[in-house]
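Asks: Assemble the whole structure, with the sequences as input and the hints as a guide.
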Amino acid sequence: MLETCRRGLADVRWGVSRWRVWWMLAWNDVRRRYRRSGLGQFWLTLSMAVTIGGLGFVYSHLFGVHVSTYLPYIAVTFVVWGIISSVVIESCTALTDNDSMLRHAALPRSLFTCRVIARNVIIAGHNMLIIPVVFAVFGIGVNANFLWLPVGLVLLVVNALWAGFFLSIFCARFRDVPQIVSSIMQVVFFITPVMYLPGQLAGRGFAVVKWNPFASLLEIVCQPVLGAAPGLWALLTCALTAIAGWAIVIPFAGRYAPRAIYWL
Amino acid sequence: MPSISLTDVCVDLPIYNSKGRSLKSALLAQAVGGRAVDDRDRSVVVIRALSHVTLSLDHGARVALVGANGAGKTTLLRVMANIYPPSSGIADICGKISCLTDLNFGMDVEATGYENIGMRGVLLGLSRQETAKLTHDVEEFTELGEFLKLPIRCYSQGMMLRLAFGISTAVQPEIILLDEIVGVGDQAFVERSRQRLKTLIESASILVLATHNASIITQFCSEAIWLSHGRVVDRGPAAEILARYEHGVAPA
Chain A
229 MLETCRRGLA DVRWGVSRWR VWWMLAWNDV RRRYRRSGLG QFWLTLSMAV
279 TIGGLGFVYS HLFGVHVSTY LPYIAVTFVV WGIISSVVIE SCTALTDNDS
329 MLRHAALPRS LFTCRVIARN VIIAGHNMLI IPVVFAVFGI GVNANFLWLP
379 VGLVLLVVNA LWAGFFLSIF CARFRDVPQI VSSIMQVVFF ITPVMYLPGQ
429 LAGRGFAVVK WNPFASLLEI VCQPVLGAAP GLWALLTCAL TAIAGWAIVI
479 PFAGRYAPRA IYWL
Chain B
42 MPSISLTDVC VDLPIYNSKG RSLKSALLAQ AVGGRAVDDR DRSVVVIRAL
92 SHVTLSLDHG ARVALVGANG AGKTTLLRVM ANIYPPSSGI ADICGKISCL
142 TDLNFGMDVE ATGYENIGMR GVLLGLSRQE TAKLTHDVEE FTELGEFLKL
192 PIRCYSQGMM LRLAFGISTA VQPEIILLDE IVGVGDQAFV ERSRQRLKTL
242 IESASILVLA THNASIITQF CSEAIWLSHG RVVDRGPAAE ILARYEHGVA
292 PA
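For the protein sequence lines, the chains are A and B, in the order given. Everything in the first sequence is counted per this note's numbering, starting at 229 for the first residue and increasing by one. Everything in the second sequence is counted per this note's numbering, starting at 42 for the first residue and increasing by one.
Just so you know, these hints were derived from the structure itself, not from any lab. Using N, Cα and C, we set each Cβ at its ideal position, and we do this for glycine too. Hints may be right or wrong, so weigh each one.
Claimed, not checked - Now the stretches of chain A that chain B is said to cover, found in silico as 3 or more residues with beta-carbon under 8 Å:
| no. | stretch |
| --- | --- |
| 1 | 241-249 |
| 2 | 326-336 |
| 3 | 401-411 |
| 4 | 414-423 |
Replies: Here it is, written out as structure tokens:
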């Protein structure tokens with residue numbers, strides 16, 4: 229058991245420490261997607277701006293929330309939700325997409341989860357450019373609570389890494405899981421306050437947010453940007469999810485990560 | 042000192058059909074206790090690709106792997122490259138390994154020649170200076186000139202091979218694992234690439250080469266290992282083993 233854990237931990241350490249490799253691969257992924265287009269990767273920013281602008285005006289009317297509250301909120305949540313959902317969905321194919329590389333050289337499995345996370349952080353970096361514009365238009369500033377952001381981001385990455393690592397190995401064995409995961413993420417999108425404000429869920433509906441770790445994750449990253457301190461409940465939920473997740477994934481990876489090559 | 046040491050190594054390869062790949066089927070089989078599943082429909086077939094292989098190679102080893110298709114040559118190379126973890130037994134490999142099986146390792150057709158060289162540099166863990174040296178070396182060897190500034194999807198097949206071969210052979214490894222000798226390009230280039238490969242092989246500490254070509258074995262290898270059905274059937278001086286292998290005489 230101890231030996232298994234040690235092996236799982238070694239894979240993670242080895243994968244993370246080869247940051248030059250996954251960073252390079254991630255950048256190349258982003259560039260290659262937009263290589264032959266005029267705007268390049270700024271297509272990302274543009275399409276995000278259109279989505280947020282369109283949704284913002286229509287849904288603020290539908291929900292009866294003033295646009296100056298609603299639009300900045302979704303500008304931030306959409307960018308962050310983009311990272312969360314893409315990392316979960318794309319991690320499922322992190323190993324299967326790289327089978328030829330894995331068959332050619334001894335590489336840590338966690339390297340490919342790092343690549344997925346880095347890629348989506350880079351994409352979020354482009355999408356993020358909308359946020360200051362929206363804030364300027366509606367005259368919103370940031371305050372001291374912004375300093376909570378690093379805490380939120382660290383918890384986001386720590387959680388993304390264990391979940392993505394687990395999924396990448398599990399999905400190499402069971403090929404119907406990626407489809408299951410993407411359907412689940414669709415449902416999670418609706419029960420997480422991405423498109424609506426958490427306060428709009430009065431009464432019992434609030435439990436959906438309270439017991440939803442995705443909602444907590446969203447809160448701890450978004451609220452500092454929007455000028456509020458993240459709630460203690462959300463911070464605790466994310467910290468506990470991270471601890472529980474790593475406690476499961478390390479022995480799991482120790483046992484199955486080396487074997488994953490036989491499943492590709 | 043580079044070395045390869047395998048002790049009682051077995052490799053079992055699971056082969057799944059679409060049912061064995063499905064979480065739904067796996068859960069269903071649990072739920073019904075496996076009774077509803079037809080026994081003849083085996084969703085997992087396990088193939089023993091290597092069986093109780095024990096061998097050790099030290100500095101200066103020049104080994105050829107011979108055997109019929111499916112004898113386990115490629116699997117053994119992958120174990121030696123630390124790519125396949127043994128299902129049982131111990132594989133202990135020290136040294137900088139280069140597996141010249143897939144020359145296109147990590148190459149992206151949308152990226153330019155130069156970008157691909159840079160990417161391989163990062164994959165190999167080279168420093169910036171070493172990558173610059175790699176770039177210079179590849180420029181000189183491939184003679185692709187201005188083409189290196191274009192995305193490699195514009196390259197002809199021959200140019201692509203030149204680049205892939207040039208990059209793959211630019212860094213000197215301690216252990217070289219080869220699955221068939223790669224010869225590339227037009228007449229003039231074949232000679233140069235053979236020369237380059239020869240230099241690379243001669244400077245390496247250990248060479249393991251899987252091939253069917255007898256003349257290549259006699260040129261590069263001093264020793265041969267005969268594999269059959271994942272087992273080491275015979276091992277000894279290259280010429281002897283080759284003669285026995287070609288006559289199909291297995292030792293008693």
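Asks: Are the hints correct? Go through all of them and say.
Replies: Here is what the structure says about each hint:
Under the rule that three or more residues need a Cβ within less than 8 Å of chain B, the assignment of the stretch 241-249 of chain A holds, with 3 such residues. Check on the stretch 326-336 of chain A: 7 of its residues sit with their Cβ under 8 Å from a Cβ of chain B, so the three-residue criterion for coverage holds. For a cut-off of 8 Å, the count of residues in the stretch 401-411 of chain A with a CB near a CB of chain B stands at 6, and the three-residue condition holds. A stretch counts as covered by a chain when three or more of its residues have a beta carbon under 8 Å from one of that chain; for the stretch 414-423 of chain A and chain B the count is 0, and the coverage is violated.
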